[in-house]
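Asks: Spelled out from the first residue to the last, the chains are:
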Amino acid sequence: MDDDQEKYLEDARKVVKEQAYFMRASLDKAQLKDALRYSSAMLSELRTSLLTPRNYYMLFMQVFDEMRILEGYFKEEYRRGRKMQDLYESVQHATYVIPRLYLLITVGSVFIQTHEIGAKVILADLIETIKSVQHPLRGLFIRYYFLKMCKDRLPDTGSEYEGEGGNIDDAIEVIIRNLTEMNKLWIRMQGSKEKSRRERERLDLKVTIGENITRLSNLEGVSLETYKSKVLPKIQEIVVSSKDVISQGYIIDCTIQAFPDEYHLNTLEELLRMCTTQLEPNVDIKNIFILLMNRLAAFALNNDMNNYNQEIDIYTMFKANIDKMLDSNNQIEFKNLLDLQVSFLDFTLKCYPNKSEYINSILKSCCRLCQKQNENDFTEECQKNIVKFLTLPLDTMSLSILTMDEYPNLMKYLPFQKKRQVAIKICQAVVNLHQVIHDYQITQELLRFIQPLLITEADYVDIPEQEFEEEQQLVARLVHLVSHQDLEQQNRILQSFIARFLKGDIQRQRYTLPASIFALFKLIHEIHFNNQELFSNQQLTKVTLFNQIKSLIELIQPNHPELALRLYLNFLLAINEVDQAQEFNEFTYDIGSGIISIFQDEIGDSNVKFTTIHTIMATFSKLTCIEAENYDTLASNATSQAAKLLKKHEQATGVLNATHMFYNEHQKIPQRVLECFKKALKIASSSIGQNPKLVYVYICILNKYFYFAQHIEVKEQDILEVVKTIQEKLPLALKDNDDQSKRIKIYWNNTVEYIRIKKKGGLFGFANINV
Amino acid sequence: MSALLNIVQGTPILDLQLDGIETRKNTRFQDKQNGLIKLPVYQGEDDISGVVEVKMNKTKKVEHTGIRIELIGRIEIINDQKQSSDFMSMARELEPQGILTEDKTFKFAFTKFEKQYESYYGNTVRLRYFLRVSMNRNYGSKVQKEVDFAVLIPQPEIEEGPQAPLKLEVGIEECLHIDFEYFKSKYHMRDVVTGKVNFYLVKIKIKYMELAVIRKEVIGQGQNQQTDNETLVKYELMDGCPTKGEVIPIRLYLAGVDMTPSQKNISGKFSVKYILNLILVDEDDRRYFKQQEISVYRKK
Chain A
51 MDDDQEKYLE DARKVVKEQA YFMRASLDKA QLKDALRYSS AMLSELRTSL LTPRNYYMLF
111 MQVFDEMRIL EGYFKEEYRR GRKMQDLYES VQHATYVIPR LYLLITVGSV FIQTHEIGAK
171 VILADLIETI KSVQHPLRGL FIRYYFLKMC KDRLPDTGSE YEGEGGNIDD AIEVIIRNLT
231 EMNKLWIRMQ GSKEKSRRER ERLDLKVTIG ENITRLSNLE GVSLETYKSK VLPKIQEIVV
291 SSKDVISQGY IIDCTIQAFP DEYHLNTLEE LLRMCTTQLE PNVDIKNIFI LLMNRLAAFA
351 LNNDMNNYNQ EIDIYTMFKA NIDKMLDSNN QIEFKNLLDL QVSFLDFTLK CYPNKSEYIN
411 SILKSCCRLC QKQNENDFTE ECQKNIVKFL TLPLDTMSLS ILTMDEYPNL MKYLPFQKKR
471 QVAIKICQAV VNLHQVIHDY QITQELLRFI QPLLITEADY VDIPEQEFEE EQQLVARLVH
531 LVSHQDLEQQ NRILQSFIAR FLKGDIQRQR YTLPASIFAL FKLIHEIHFN NQELFSNQQL
591 TKVTLFNQIK SLIELIQPNH PELALRLYLN FLLAINEVDQ AQEFNEFTYD IGSGIISIFQ
651 DEIGDSNVKF TTIHTIMATF SKLTCIEAEN YDTLASNATS QAAKLLKKHE QATGVLNATH
711 MFYNEHQKIP QRVLECFKKA LKIASSSIGQ NPKLVYVYIC ILNKYFYFAQ HIEVKEQDIL
771 EVVKTIQEKL PLALKDNDDQ SKRIKIYWNN TVEYIRIKKK GGLFGFANIN V
Chain B
9 MSALLNIVQG TPILDLQLDG IETRKNTRFQ DKQNGLIKLP VYQGEDDISG VVEVKMNKTK
69 KVEHTGIRIE LIGRIEIIND QKQSSDFMSM ARELEPQGIL TEDKTFKFAF TKFEKQYESY
129 YGNTVRLRYF LRVSMNRNYG SKVQKEVDFA VLIPQPEIEE GPQAPLKLEV GIEECLHIDF
189 EYFKSKYHMR DVVTGKVNFY LVKIKIKYME LAVIRKEVIG QGQNQQTDNE TLVKYELMDG
249 CPTKGEVIPI RLYLAGVDMT PSQKNISGKF SVKYILNLIL VDEDDRRYFK QQEISVYRKK
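Quick note, the sequences are listed as chains A and B, same order. Note that the numbering used here has the first sequence beginning at 51, numbered continuously upward. Note that the numbering used here has the second sequence beginning at 9, numbered continuously upward.
Next comes chain A alone, as it looks inside the complex:
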């Protein structure tokens, strides 16, 4: 069949090409009669019944191009004095309808251009004559040709053919008549056999019908008023009387696409009424509505709808019509209705962002719709739509949507995974909008909706680790959005989050609790600095909050000691900020000791240990909220932990850096600093024999000496001793020329440079250094 098609097409194209060649040759020789004969032979190929619509179209286009040449020649002929009236008559002598009419249309189009006769007369004559083609395919194409040829020859308002040639009404009349006839032919194609093939073929041809609507919409004279009074009623008549599903859907679709939004806005009621009450039951009204709503929503975004809303209540019109469909029609599939609801919701959100009662009302309709369904009606697709339904309002309405009564009612139709999806969307909406969470009631709703993310329930389904992590981080971000002028309220909201988090297991708490802890830090900070009065309130005291934080960290500690350790360190800093009075000296000390013991007992990885001890020491060095004795204990413990690190150079640098715990803006104990130096040197010297690269440590020590020399008394002898050792060991250390050696070299060169500068400045301790 398909092979045959190719052959048929090829054969026909060959003939067309051949005859077109002769036609042109005759035109070149100005032999019009011959040219007409050849063009007629060429056009006769369009009489075929063998081709599928697609292939016929290909053939048509080939012929079409050739006919443009002939048309051009006719124009020249006219200029040379040939009477178009005669030509118009003589082409009608052709025996066969198809070539005759193609020629007639072509001559007619030129005839109109001569202005010798009114455009409307010719157009009316053509449109009448074309009735001779009753074959659907050939009829559609000749009428399509008619449309193409009379495109710019209509007596449109402002066109050169207006006046004698008629007016806009005539132009509309011609096209409407053509549309009517084409629609009939198109419907006739349906036949009774091979339904699906026929439908496919019909759809292949729909553009030819749509061309009529395009013509209408391109008419200058079709103003809103004209559209309303003359065009739409005609189209409506055609649509309604056709009683054909494909045709109704397509023509309405075309009309919506072709005419401006403003027109639809002003004729919305008619349009909607037609769609809901006058179409065949199988017409996809949903798509039509969706299209219309999308158009109007886009229009609303670009225009001030207030100007329109006063006169035209679009929402109510849609709502009434959609509800009518929901309630009356059982033939429309549930999923399609849901689709429609989603679009309607989207539309309403865009056009009426402030009307939450509209949204709630749509939600209500949707609930009513869902109630009517059986459980197995909720297919994957439907569920997706419900998810959309629940999440769409979030972008514009954000959390206030959660207070709507119908919201949870819809949620219950979803299985776990979909609920989780909605939950995530809700979180994302809040986070992306940086929506401040300040309403206790809404928070409760929010927590209810995002429950699937918070607690493992019976219907829980595992998801990949990464997704889980992202999801939990999203939840964690919510906590940071909690804020309220009244700190007590803020605490209340925060506590409700924490309470819910505590019901989740440690996998989630690992993400949620740290966030909560930091939120509590923030709260403490705000209490301390902004609102001292609150302390009168028994419920919200530092003690309570401190204890709570401690207990939260303790929850994390068994599974994530490192995380707990870091949280403790931050906790120390948080306390330090608000407790200059050292009221919590003992409490703080306990935390500090706890840190040391976690470090000692629960951190195994030596690399982690090395970095962690530095963090610990740095944190300790900031503390002022603790009494001297306790501080000394903590600092000493930290120092001895440093000395116990795995590698010698780690031990030495660790101890060396411990110096800062003893001498900084808060602590000034030179004695302990020197002890650290001593200890570091001892560690270094004990191993430099085996490992010359420890010279690096010596350079560190030297630099540290330089630093402290500005604050405390350092023996020059000690410095020189270190320099001497460095100079002795350096060649050995640099021997390898590996990365480490390079680093040492760079460090040393920089140090030497430093010394030179300082020597020039004549500063203490440098005078005798020779490098």
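Just so you know, these hints were derived from the structure itself, not from any lab. Hints are not guaranteed to be accurate.
Stretch-level coverage of chain A by chain B, calculated; a stretch enters the list once three of its residues show a Cβ under 8 Å from a Cβ in chain B [claimed, not checked]:
id : region
1  : 145-152
2  : 171-181
Under the rule of at most 35 Å between Cα atoms (straight-line distance), these lysine-lysine pairs were calculated in the DSBU-like manner [claimed, not checked]:
id : chain 1 : residue 1 : chain 2 : residue 2
3  : B       : Lys281    : A       : Lys133
4  : B       : Lys40     : B       : Lys307
5  : A       : Lys181    : B       : Lys40
6  : A       : Lys125    : B       : Lys204
7  : A       : Lys414    : A       : Lys385
8  : A       : Lys729    : A       : Lys795
9  : A       : Lys133    : B       : Lys213
10 : B       : Lys252    : A       : Lys256
11 : B       : Lys215    : A       : Lys293
12 : A       : Lys83     : B       : Lys281
13 : B       : Lys242    : A       : Lys201
The calculated label-pair distances, taken between Cβ atoms and stated as ranges, are [said to hold, decoys possible]:
id : chain 1 : residue 1 : chain 2 : residue 2 : range
14 : B       : Glu177    : A       : Arg104    : 37 to 45 Å
15 : B       : Glu177    : A       : Asp363    : 52 to 60 Å
16 : B       : Val255    : A       : Glu249    : 34 to 42 Å
Heads up, the beta-carbon is just placed ideally off N, CA and C, and yes, glycines get one too.
Add chain B to chain A, keeping to what the hints say.
Replies: Okay, now just chain B, sitting in the frame of chain A:
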């Protein structure tokens, strides 16, 4: 013997020149035997006049029993000359019996001669007008010369007369039901046949519809009557199959068709009728048709 002499001596030649031939209108006929012929046209009260010339053509003297010119209107049955007959014949004596010794010219005229019938050249019959000049001789064969001309008869009485549409409802029970209408029943020769076809019931699969113009020549009468049908043109009116309720326009330009006026029982010898034949052809190539006679006239 005398015949032999004639050959040697030559035969006198008769020549006939019509007056004003240069300016007279011509018309063309497709003659069955002679092909396309072009003839001068005489209408209404036209006279026909001219000059006859007798040329000696190397003969020294011509003895004759009289020279005369006749105007003859004749109906010829092409395949049966015996049935031919003259419906008119007029004669003028140009020269009484005598002897001619040199070339001589004679003027002649038939004033306002009767133009009863229109010239017609058909498949089986022709109606022709001609002038015949003849010189009878006792010795030697008769010398004669014929010159055809045409008589055309405009029919303003039809042109101006009342028109009635031709309407007909036809069909096949449960199968096809149409009515068709030609807006006029009388057409001039370059007229346009217009009309429409209403489809009320279409249960057959129509492939196309065409309109044919048939010329029907009827010769003889009673039992001897013979009819010749010629389809002059076939014209596709509709491509494809309409549904009920469709109205298809009819428009056929007769200018492209070889038309003559209708002729009705001319001199009891023949008639020429024009028939419009509306034909529907279905997908199985079955033909459904209906014929309607129209009357064709000559416009003034």
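Asks: Now tell me, hint by hint, if it's right for this structure.
Replies: Hints and how they fare:
Proximity of the region 145-152 of chain A to chain B, defined as three or more residues with a beta carbon under 8 Å from a beta carbon of that chain, is established by the 5 residues found. With 3 residues carrying a beta carbon less than 8 Å from a beta carbon of chain B, the region 171-181 of chain A meets the three-residue requirement, and the given coverage holds. Using a Cα cut-off of 35 Å, the hinted pair Lys281 (chain B) and Lys133 (chain A) holds, with the two alpha carbons roughly 34 Å apart. Among the hinted pairs, Lys40 (chain B) with Lys307 (chain B) is consistent with the structure: their alpha-carbon atoms are about 25 Å apart, no more than 35 Å.
Simply put, Lys181 (chain A) and Lys40 (chain B) have alpha-carbon atoms about 39 Å apart, too far for the 35 Å limit, and the pair is violated. The suggested pairing of Lys125 (chain A) with Lys204 (chain B) holds, with an alpha-carbon distance near 32 Å, which does not exceed 35 Å. For the hint pairing Lys414 (chain A) with Lys385 (chain A), the CA-to-CA distance comes to about 17 Å; that is within 35 Å, so the pair holds. A distance of roughly 25 Å separates the Cα atoms of Lys729 (chain A) and Lys795 (chain A); the hinted pair therefore holds under the 35 Å criterion.
Between Lys133 (chain A) and Lys213 (chain B) the alpha-carbon distance is near 41 Å, which puts this suggested pair outside the 35 Å criterion. A C-alpha spacing of about 24 Å is found between Lys252 (chain B) and Lys256 (chain A), which places the hinted pair at or below 35 Å, so the restraint holds. About 26 Å separates the Cα atoms of Lys215 (chain B) and Lys293 (chain A), which keeps this hinted pair within 35 Å; it holds. The straight-line distance between the Cα atoms of Lys83 (chain A) and Lys281 (chain B) is roughly 31 Å, inside the 35 Å bound, and the hint therefore holds.
Simply put, Lys242 (chain B) and Lys201 (chain A) have alpha-carbon atoms about 33 Å apart, close enough for the 35 Å limit, and the pair holds. For Glu177 (chain B) and Arg104 (chain A), the hinted distance range of 37 to 45 Å is satisfied, since their beta carbons lie about 42 Å from each other. Under the hint 52 to 60 Å, the C-beta atoms of Glu177 (chain B) and Asp363 (chain A), about 55 Å apart, fit the expected range. Remark: the range hint 34 to 42 Å for Val255 (chain B) to Glu249 (chain A) is contradicted by a beta-carbon distance near 29 Å.
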